[in-house]
Amino acid sequence: MGVLENKFQDNVIVASMDKLLGWARSTSPWYFQFGLACCAIEMMSSAASRHDLERIGMMPRSSPRQADVMIVAGTVTMKMALRVKKLYEQMAEPKYVISMGSCATSGGPYWQHGYHVLKGVDLVVPVDVYVPGCPPRPEALIEGLLKLQEKIQTERPLTRKTV
Amino acid sequence: MTLVEIKSAINSQFPGVIIDNEELGDHQLELNGDKWLDIATFMKEDPILSFDQLECITGYDGGEEAALQTRYNFHSMEHRHKIEIIISHDREEPRVASIEKLWRIGDWFERETYDMFGIIYEGHRDLRRILCPDDWEGWPLRKNYKGQELYHGIVVPKIKEEDGWE
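Those protein sequence lines, which keep their order, are chains A and B.
Convert by adding 130 to the 1-based position in the first sequence; the result is the number in my numbering.
Convert by adding 103 to the 1-based position in the second sequence; the result is the number in my numbering.
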């Protein structure tokens, strides 16, 4: 910003559009409100008053069209896997996925004998952040969400990608 | 009523239908499944037996050598007695009469047992899978069940059973 420094009045902010967009996107990623198993209880607890996800700009939306982040909270069965994929496809870009808990990450306790359990949600949708735990405490989920926010912040949506 | 009294009540109405099995417990009774709908109707409507509550229907698979069974748990709220009826099936073609029209709860119980064991309940009005997806292959709780390798293009990673926890 060397050339532009001190050229404007006090109430004018100068920033690159890329950074501005990254900041705006990262500070209000609304998440898609759906739970699959016991991790959903921890997700609800994170959203409730004690941990309060709205502190970091996270707000639950009940429609995939309005959501930016999908928190896959719980065991993904084969039956549900097709629906999770469909819901992910219904979300508008840019979209992110958090795999919450060991079930969503790798099948969890069902990894060996669970004939009906998907062994990791990354087999059907791309995952940005994995949160370990069974189920993870709200603090762990918040840590994962902050990591996601860091990731979103470093994106440069306007910069042309070199092919 | 005790088991002996219930046994004699059924035997007087349907002679020869009870199969002797000494391994059974205090409240268990093994029956021949051919006249099952008539026996069930009798058990529900007879004032002395009056089994007005169907508590549970379970499937059982003991492996290739042993039986494939349906087990029904009945309870009478009027007389406060209970019994478990056991009916064994042919492994190749497991079929038995549906009792869904007598006890309405039998609808979902029979669908679940069909879903997990592939036992066909003849006369059921809507015998579909209840838990697994409609296009699922195989009967998951059978001893010889092999998991699917591919489901709608989703690969099911194979985990060898011998390897155990490593």
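In case anyone wonders, no lab produced these hints; they're calculated from the structure.
Honestly, I wouldn't trust all of these hints.
Mimicking SDA-like on lysine to any residue, the simulated pairs with C-alpha atoms at most 20 Å apart in a straight line are [to be verified]: (1) B/K185 - B/R231; (2) A/K225 - A/Q196; (3) A/K209 - B/G250; (4) B/K246 - A/Y240; (5) B/K138 - B/E196; (6) A/K215 - A/V257; (7) A/K216 - B/D238; (8) A/K209 - B/V259; (9) A/K281 - A/P262; (10) A/K209 - B/R231; (11) A/K209 - B/K138; (12) A/K216 - B/I257; (13) A/K209 - B/W211.
Results of checking the hints against the structure:
About 29 Å separates the Cα atoms of B/K185 and B/R231, which puts this hinted pair outside 20 Å; it is violated. Between A/K225 and A/Q196 the alpha-carbon distance is near 10 Å, which keeps this suggested pair within the 20 Å criterion. Proposed proximity of A/K209 and B/G250 is supported: the alpha carbons are some 14 Å apart, at most 20 Å. The straight-line distance between the Cα atoms of B/K246 and A/Y240 is roughly 18 Å, inside the 20 Å bound, and the hint therefore holds.
A threshold of 20 Å between alpha carbons decides the hint, and for B/K138 with B/E196 the separation of about 17 Å falls inside it, so the pair holds. The straight-line distance between the Cα atoms of A/K215 and A/V257 is roughly 12 Å, inside the 20 Å bound, and the hint therefore holds. Taken as a hint, the A/K216 and B/D238 pair is honoured in the structure, with Cα atoms around 18 Å apart against an allowance of 20 Å. Our distance criterion of 20 Å between C-alpha atoms is met by A/K209 and B/V259, whose separation comes to about 13 Å.
Taking the CA atoms of A/K281 and A/P262, the gap is near 18 Å; set against the 20 Å cutoff, the hint holds. Proposed proximity of A/K209 and B/R231 is supported: the alpha carbons are some 15 Å apart, at most 20 Å. For the given pair, A/K209 sits about 37 Å from B/K138 by alpha-carbon distance, which is inconsistent with the 20 Å threshold. Note on A/K216 and B/I257: the hinted pairing holds, with a Cα-Cα distance of about 14 Å set against a maximum of 20 Å.
This hinted pair checks out: A/K209 and B/W211 have alpha carbons roughly 19 Å apart, not beyond 20 Å.
Figure legend: structure checked against the earlier numbered hints; hints not met, in rising order: 1 and 11.
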